[in-house]
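Student: Spelled out from the first residue to the last, the chains are:
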Amino acid sequence: MSPHAQPYVTPCLAVLVLLLALASLAVGPAGLSFSSADQAWLILTEIRLPRTLLGLLIGAALGLSGAALQGYLRNPLAEPGIIGISGGAALGAVLAIHTGLAASLVFGLPLGGLVGAAGAMAVVLWLAGERGGPITLILSGVAVASLTTALIALVLTLSQNPFAAVEIVYWLMGSLSDRSMTHVWLAAPPILAGLAVLARLGRDLDALTLGEEVAANLGTSLARLRLLVVAGTALAVGAATAVSGTIGFVGLIVPHILRPLVGHVPSRLLPASALGGAALVLAADLALRIVSPAGGIRLGVLTALIGTPFFVWLVVSTRRELAP
Amino acid sequence: MTVALKKVRLALGDRVVLHDVDIAVPTGQVTAVVGPNGAGKSTLLRACAGLLAPERGQIAFAGRPLETLARAELARAVAYLPQERAVHWPLSARAVVALGRLPHDDADPEVIAQALGAMDIERLADRPVSQLSGGERARVLVARALAQEAPLLVADEPTAGLDPAHALALFTLFQRLATEGRTIVVALHDLSLAARFAHHVVLLADQRIAAHGPPADVLTPRNLEPAFGVTMLCTNVNGLPIVAPVSTLP
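Taken in sequence, the protein lines are chains A and B.
Under our numbering, the first residue of the first sequence is numbered 1, with each subsequent residue one higher.
Under our numbering, the first residue of the second sequence is numbered 1, with each subsequent residue one higher.
There could be a bad hint or two in this list.
Label pairs and their in silico Cβ distance ranges [unchecked claim]:
#: 1; chain 1: A; residue 1: L101; chain 2: B; residue 2: R71; range: 42 to 48 Å
#: 2; chain 1: A; residue 1: V27; chain 2: B; residue 2: Q83; range: 55 to 61 Å
#: 3; chain 1: A; residue 1: S317; chain 2: B; residue 2: A169; range: 34 to 40 Å
#: 4; chain 1: A; residue 1: L42; chain 2: B; residue 2: E73; range: 57 to 63 Å
#: 5; chain 1: B; residue 1: T68; chain 2: A; residue 2: W126; range: 30 to 36 Å
#: 6; chain 1: A; residue 1: C12; chain 2: B; residue 2: R71; range: 32 to 38 Å
#: 7; chain 1: B; residue 1: R76; chain 2: A; residue 2: I135; range: 27 to 33 Å
#: 8; chain 1: B; residue 1: G134; chain 2: A; residue 2: W126; range: 56 to 62 Å
#: 9; chain 1: A; residue 1: C12; chain 2: B; residue 2: A169; range: 41 to 47 Å
#: 10; chain 1: A; residue 1: S180; chain 2: B; residue 2: R64; range: 33 to 39 Å
#: 11; chain 1: A; residue 1: G129; chain 2: B; residue 2: Q58; range: 26 to 32 Å
No lab work stands behind these hints, which were simulated from the structure alone.
Fair warning: this is a prediction, and the values are worked out from it, not measured in the lab.
All C-beta atoms in this analysis are idealised placements derived from N, C-alpha and C, irrespective of residue type, glycine included.
Next comes chain B alone, as it looks inside the complex:
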């Protein structure tokens, strides 16, 4: 499912957080949103999840404007995974994943088991989330979003706190979901992961879109260095792209 933002301006209270956003997130692809802290990544993701009404412009899901979608329709169309990982009660991991089924009004045990399996947490299923490590809890929450089975998945830094193996596994899963027709929008700080797994990259800087397009076009020193204020090493190792910060610009 595509989400299109036309001439969108997003504000939190009186403060404008993103200017002139004009993008269409491509269907069946992984779109990575990158940029320095405070560039507006989380705000853009909230807007893509339909959680933030634009101050100006229009957001449309599969051609339908946000304001014409009922709450329940939106809940089945978009799964949103925030950066915040609070679980307020010590539910079992399985019960947390089952929350993803709320928009469907069925706690389909097969879907829940699949989501647990996809995140490699079957053996943790009956443990209270309060007893899990940060990374394990992060995987439980990703599984919750997967159980929602929405055609659009919006994930805000899902790899933060994951070990390299699980971060790679998560992006491999995202790629597979994309080939199955799902649309993935993901904010992240690991530019090498973005370069390797994303089909499309949106670079944010200073509350605007600085560049967007295929990773090879966007993740270049010419785009990244002014945005992040560091010199960047963009290279290939064994055919895999590596993008690494080197030193802060004077």
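Excised from the complex, chain A in its bound form:
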């Protein structure tokens, strides 16, 4: 593959995201042309605007954190789920549904998700230890991720109320439908804070290309870098998962597709992946609204349906590269 960076990748992606955002405002099951001006305005601001904004924010969060984690772990198979953050957020949200907090409080569900993400982050960092490298981070992340999966299953089986169980299962599939501006106000600050933290790590991730010792020699504090990668991911992906449920594979695919286009340079991959993630989530959500306006297919299911064959292809091509 050519190492040459395409200078126009990021501007092109920005234009694409803009077009998709406009399309996301324009397309929906309730046609704007048949409504009165007031109704149209209501549909636009109360239904489509929050959905579009959440698509942008969540896609950027997943894409950027995927790129940052792959850069930090120096592994193209890393994604936000691998360090247990999405699992923690999902567990927190599921507990909020189970305990009834989600029903009694408008922002109970996302709040549960945020608390879960923060808890998962604390456990992962504590397990990984003060001096641990990428491997200990992956190991503790995988441990936390499997623990949260088991606990979610436990909550589901303990659930007395079948409606709550169904709600949990649906929520876990991930979706952007029926979200209001309250969700945007709740999710936007932590997502934006997380994006800001991750977007500034480019220099250190570049240095890490040559290994930890050279990165340290080039002025990178490895302990600080790891803390910022995990904290930025927890803020961005934790908040994203808290409002949308789990949307898998975006954080895996987007950086992987874009990497050759930016010459494999980790710092250049960060902004491109944020835009690419936003574009992918907006496009997938848009496709859902056109293909299944009644909401039969969930966003998380669609991204996983696209993602799994891609993942298989990734494994096969890695195997081919590694073959003698």
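Go by the hints and put chain B onto chain A.
Tutor: Structure of chain B alone, referenced to chain A:
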């Protein structure tokens, strides 16, 4: 820039790797660190690069103790070239060399071009490092360290995997950099290269400094044979020193 190690003891975890290191690396000279496998060469070099805090004693760069130097200052003062030659993403050779400019926050194209030229890799500049041979990749990584333009260059076996022509060229370059005022610390196994190009040799054996001083004083059978456990031929051919292992000692 001098780096001085005073009564330094270095440990990796619980294991002491170097005892009683007391040396001052001379400025504007090439210092070669030699010794058998496991003698502690890489550990000494890491300490000289400020990457390893001593368990005891003090390391000072140009008179300033390591712990008083900010990360960014150290990054501009020392360039470190490890033995490990992993490049985790298939960047172009030029992009790898440009990483050396990170401590300066400027990807000065002139400095990068100079570093590429010094290592004879201009024609490889736009190739992904994943497609280069081991020796070519080694030269790209040396160029990365050169682009850092630090007054102290610490290189761990930079000639491993280089062909004789490029190994000679690298040491000639080191000598030239030294005459320009830079300080070079280099670990190596080729004792003839050390004898010929180093101004100062540090011989490590059994986690201690066995001898240090000018090459002619250090690279003698009396010092080398017990350290390496082999008989050594130390001679001159056409006025150039040759140090060659002959046979293992009983």
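Student: Now look at each hint and say whether the structure bears it out.
Tutor: Status of the hints after comparison with the structure:
{"no.": "1", "hint": "A/L101 / B/R71: 42 to 48 Å", "result": "holds, 44 Å"}
{"no.": "2", "hint": "A/V27 / B/Q83: 55 to 61 Å", "result": "holds, 58 Å"}
{"no.": "3", "hint": "A/S317 / B/A169: 34 to 40 Å", "result": "holds, 38 Å"}
{"no.": "4", "hint": "A/L42 / B/E73: 57 to 63 Å", "result": "holds, 59 Å"}
{"no.": "5", "hint": "B/T68 / A/W126: 30 to 36 Å", "result": "holds, 31 Å"}
{"no.": "6", "hint": "A/C12 / B/R71: 32 to 38 Å", "result": "holds, 37 Å"}
{"no.": "7", "hint": "B/R76 / A/I135: 27 to 33 Å", "result": "holds, 30 Å"}
{"no.": "8", "hint": "B/G134 / A/W126: 56 to 62 Å", "result": "violated, 40 Å"}
{"no.": "9", "hint": "A/C12 / B/A169: 41 to 47 Å", "result": "holds, 44 Å"}
{"no.": "10", "hint": "A/S180 / B/R64: 33 to 39 Å", "result": "violated, 58 Å"}
{"no.": "11", "hint": "A/G129 / B/Q58: 26 to 32 Å", "result": "holds, 28 Å"}
Hint compliance for this structure: hints 8 and 10 are broken, all remaining hints hold.
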